[in-house]
Amino acid sequence: MPPFPQAARTALADPQLRANLRHATHTIRDKRAAVVAEVDEWEALRRKGAGIKDDMLAHLDEHLVRLEEQLTARGAVVHWARDAAEACAIVAQVARDHRADEVVKVKSMATAEIGLNEALAQEGIAAWETDLAELIVQLGDDLPSHILVPAIHRNRAEIRRIFLDRMAAAGRPAPADLTDEPRELAAAARLHLREKFLRATVAVSGANFAVAETGTLVVVESEGNGRMCLTLPEVLVSVVGIEKVLPTTADLDTFLRLLPRSSTGERMNPYTSMWTGVTPGDGPQEVHVVLLDNGRTDVLADEVGRQALRCIRCSACLNVCPVYERTGGHAYGSVYPGPIGAILTPMLKGVGHDEQVDSLPYASSLCGRCYEVCPVMIDIPEVLVHLRSQVVDAHRDTVGGGGLGWRPPTPLDLAMRGAALVLGDGRRMAWAARGTALAGRVLGATRGRLGGGARGRALPGGRGALGRVPGGGGWTDARDLPAPPTDTFRAWWTRTHGGRDEATTTRTAQEERR
Amino acid sequence: MLTCINDAMFPETGKAVVRLLRRLGVDVEFPPGQSCCGQPMTNTGYLDEAVPAVRAFASAFEGYDAVVVPSGSCAGSVRHQHGLVARRAGDPALQDAVRRLAPRTHELTEFLLDVLEVEDVGASFPHSVTYHPTCHSLRLLGVGDRPARLLRHVRGLRLLELPAAEECCGFGGTFAVKNAETSVAMGTDKVRHAVGTGAEVLVASDNSCLMHLGGLLSRERAGMRVMHLAEILASTEDQPASVLTAPTLLERTSAARGARS
Ligand code: SF4
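Note that the protein sequences, when read in sequence, are chains A and B. The first sequence runs 1 to 514 under my numbering. The second sequence runs 515 to 775 under my numbering.
Calculated from the structure, these hints are not laboratory results. Every residue, glycine too, gets a C-beta built ideally from N, C-alpha and C. Treat each hint with caution, since some may be false.
Stated by the list, open to error - Partial list, computed: chain B residues near chain A (C-beta under 7 Å):
#, residue
1, Val532
2, Leu561
3, Gln609
4, Pro677
5, Ala679
6, Phe689
7, Glu695
8, Ala699
9, Ser732
10, Arg733
What the hints assert, rightly or not - Here are the simulated distance ranges between beta carbons:
#, chain 1, residue 1, chain 2, residue 2, range
11, B, Glu633, A, Thr410, 46 to 54 Å
12, A, Arg161, B, Asp628, 32 to 40 Å
13, A, Thr494, B, Asp752, 23 to 31 Å
14, B, Gly658, A, Arg161, 47 to 55 Å
15, B, Ala580, A, Gly51, 51 to 59 Å
16, B, Val709, A, Ala186, 39 to 47 Å
17, A, Leu414, B, Asp628, 56 to 64 Å
As the list claims (entries may be wrong) - Short, incomplete list of chain B residues facing chain A, as computed with Cβ under 8 Å:
#, residue
18, Tyr560
19, Ala570
20, Gln753
21, Pro754
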């Protein structure tokens with residue numbers, strides 16, 4: 001994947017994609033705002049959610065041991081996976097043990113994170129997504145671009161094409177007379193999926209929550225397709241990130257109120273499924289739970305960054321993010337897009353050795369809207385700045401500090417070092433500013449020959465504008481720069497004794513001009 | 515604190531703040547030791563490089579009753595980031611100084627309403643304006659409706675509501691350069707909303723955001739200009755701030771013709 005600024009170009013240049021994204025994010029964000037406004041104690045609820053997660057993270061080890069005990073006692077088999085490869089190998093082994101060459105899947109970010117579908121395909125096992133949007137993405141040979149609405153970048157005409165062209169190769173074909181009516185599209189998907197539900201012997205899921213006290217796993221969804229997977233097949237494998245633990249059943253109360261309102265803008269989601277180990281004669285008779293680390297303990301060790309482990313994957317931050325709205329999820333080049341992806345991906349993967357990963361903390365204007373809506377109060381802008389400093393530090397060319405991340409200083413490194421020197425001292429700042437004022441005077445004298453001239457006075461200070469400036473970088477490709485002023489504030493302050501002699505000075509200047 | 519970009523690029527804003535505060539009876543000083551709040555470095559991840567600026571800030575403003583900043587972004591940086599930078603410097607004395615200064619640092623509208631407790635600053639500005647609440651004043655500082663309350667008392671001013679006002683303009687410091695295309699896409703939407711109001715002037719409390727938006731307006735020759743809130747609040751009947759009229763269509767076409775020949 002190319003770094004974010006390059007990857008973003010595709011979406012920025014595609015008006016249809018931008019229109020799809022704009023429409024979808026605005027619809028969900030407005031719905032969310034309306035249902036959140038209904039809850040008087042929303043802020044208290046957010047604080048409570050954040051608090052429960054923080055307490056849990058502070059004692060993560062104890063809760064995980066408890067969860068394992070409870071799960072085992074209820075007949076589930078618990079596996080621990082340090083990374084993606086271990087987790088995928090465990091799932092593949094379970095499928096092989098049951099001679100399954102296909103599995104049905106409940107939508108799950110954890111399995112996307114570990115690349116499970118691709119890993120199973122390598123073993124000759126087909127993994128079928130059963131969430132409608134995931135199905136669209138899978139059939140379209142595409143990548144998800146949103147946590148909750150993975151096909152957010154597609155419109156219904158595109159979906160109809162995908163169904164007609166691709167469904168047959170994956171199972172039951174789409175009806176030949178399929179239109180792009182949402183009802184018809186949903187019906188086609190339903191028939192296609194039903195065959196798979198009834199045929200599969202092994203299902204794979206994630207979990208939104210894992211209650212340590214009882215060993216109960218919870219999946220929250222809108223369509224009910226996940227529940228089909230959780231109840232019909234004989235064998236169930238659930239891949240669960242270790243940060244999904246909640247200490248008690250009572251804690252669910254808080255999160256089941258925070259999650260649906262934040263994610264789909266609904267008061268309550270249509271389906272909440274809970275399963276606890278094996279129940280003889282009902283549902284899967286063999287249950288495996290894979291507890292996944294895959295970088296999470298590293299995030300936990302990061303004092304500022306660990307708050308990201310509170311995330312309940314609601315995607316509210318994506319829906320309000322002005323950058324996501326324009327670039328879409330693919331630009332982030334990671335399973336987790338948007339603001340949460342911009343902090344989670346670099347932390348899970350580590351910074352300083354991949355340019356694409358290192359570009360993510362900069363894929364934000366730090367406007368703070370993500371923090372404002374996050375149901376568990378993750379201060380994403382704070383973590384972004386923290387990660388930026390890690391990226392910079394990883395490449396510092398200090399004596400002996402070379403090694404892994406060293407690269408020659410970039411123009412930005414040099415600019416920042418220069419800025420540190422100049423801006424660290426009022427006197428040096430005065431000298432530097434005098435330079436811009438001098439430039440302003442020179443430009444003023446030659447203004448007639450410069451693009452915008454005195455007419456382009458949209459700029460602050462009502463000054464003339466500079467058009468395309470050589471060396472102006474990305475700035476002047478689409479924006480004018482204000483021509484520097486002829487005087488700095490500091491110089492004015494000294495000359496007029498803090499503005500007290502302003503009247504006399506102005507008069508002199510006017511006389512001079514005459 | 516004037517902020518480095520105002521000092522070097524937008525001195526008129528600084529002069530306006532001085533005039534306004536003096537008019538309200540405040541004893542204004544400009545300690546020459548000040549330079550920059552360090553935000554350009556901090557936000558880009560250059561924490562070590564931000565240390566000298568934070569140090570200069572702390573020593574320049576030690577001993578004043580209040581530090582008034584005509585920028586939501588820089589005030590936010592003083593209140594929310596200086597602690598972080600000082601910790602990084604591993605200097606307890608600096609950490610102390612920074613902690614003492616944070617609560618005494620106010621964004622201009624906060625200072626006017628919360629400290630001076632004036633809503634009517636006696637300004638006059640007979641033009642139509644629309645106000646963009648910049649992200650940092652809106653969300654980092656939570657200045658809320660303070661700017662609107664001040665603007666509503668300005669004689670002759672017609673305040674037009676900006677649609678999707680709370681959306682980011684796309685400036686974001688080095689974001690505007692590092693992710694120039696995304697930044698421009700965001701700014702273009704903001705400018706479209708602003709122009710749609712039909713106002714003569716787009717107002718904000720941060721010249722850096724205005725530099726970005728003004729740069730787009732100027733390139734598009736949209737005929738709308740940008741102004742810092744302080745310049746409007748400083749404007750009086752005796753000393754009015756001038757809003758040069760937008761170039762007429764005729765002037766624009768002749769300029770274009772001139773450029774072509
Ligand atoms: S960071 Fe917050 S808003 Fe974003 S997905 Fe996670 S919980 Fe939701």
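task: Return holds or violated for the Cβ distance of Gly658 (chain B) and Arg161 (chain A) against the range 47 to 55 Å.
output: 48 Å, holds
query: Would you say the C-beta atoms of Glu633 (chain B) and Thr410 (chain A) sit inside 46 to 54 Å of each other?
result: At roughly 48 Å between Cβ atoms, Thr410 (chain A) and Glu633 (chain B) fall inside 46 to 54 Å, so the hint holds.
- prompt: Falls inside 51 to 59 Å, the C-beta gap from Ala580 (chain B) to Gly51 (chain A)?
  reply: Since Ala580 (chain B) and Gly51 (chain A) have Cβ atoms about 35 Å apart, the given range 51 to 59 Å is violated.
message: A range of 39 to 47 Å was offered for this pair. Does it hold for the Cβ distance of Val709 (chain B) and Ala186 (chain A)?
response: Since the Cβ atoms of Val709 (chain B) and Ala186 (chain A) sit about 41 Å apart, the hinted range of 39 to 47 Å holds.
field: Restraint satisfaction for Ala679 (chain B) [CB to CB of chain A, less than 7 Å]
entry: With a minimum Cβ separation of about 13 Å from chain A (threshold 7 Å), the hint on Ala679 (chain B) is violated.
Satisfaction of the hinted span 32 to 40 Å by the C-beta atoms belonging to Arg161 (chain A) and Asp628 (chain B): 58 Å, violated
- prompt: Hint check: is the beta carbon of Arg733 (chain B) less than 7 Å from a beta carbon of chain A?
  reply: 5 Å, holds
query: Against chain A, is Gln753 (chain B) within 8 Å by beta-carbon distance?
result: 10 Å, violated
Supplied contact hint for Ala570 (chain B), tested at 8 Å Cβ to chain A: 5 Å, holds
- prompt: Should the hint that Gln609 (chain B) touches chain A count as held when the rule is a Cβ pair under 7 Å?
  reply: Given a least distance of 17 Å, the restraint on Gln609 (chain B) is violated.
query: With 7 Å as the cut and Cβ atoms as the points, is Pro677 (chain B) at the interface with chain A?
result: 12 Å, violated
query: At the C-beta level, are Leu414 (chain A) and Asp628 (chain B) separated by a distance inside 56 to 64 Å?
result: The hint (56 to 64 Å, Cβ to Cβ) is violated, given that Leu414 (chain A) and Asp628 (chain B) are roughly 41 Å apart.
Consistency note: the structure conflicts with the earlier hints numbered 3, 4, 5, 12, 15, 17, 20 and 21.
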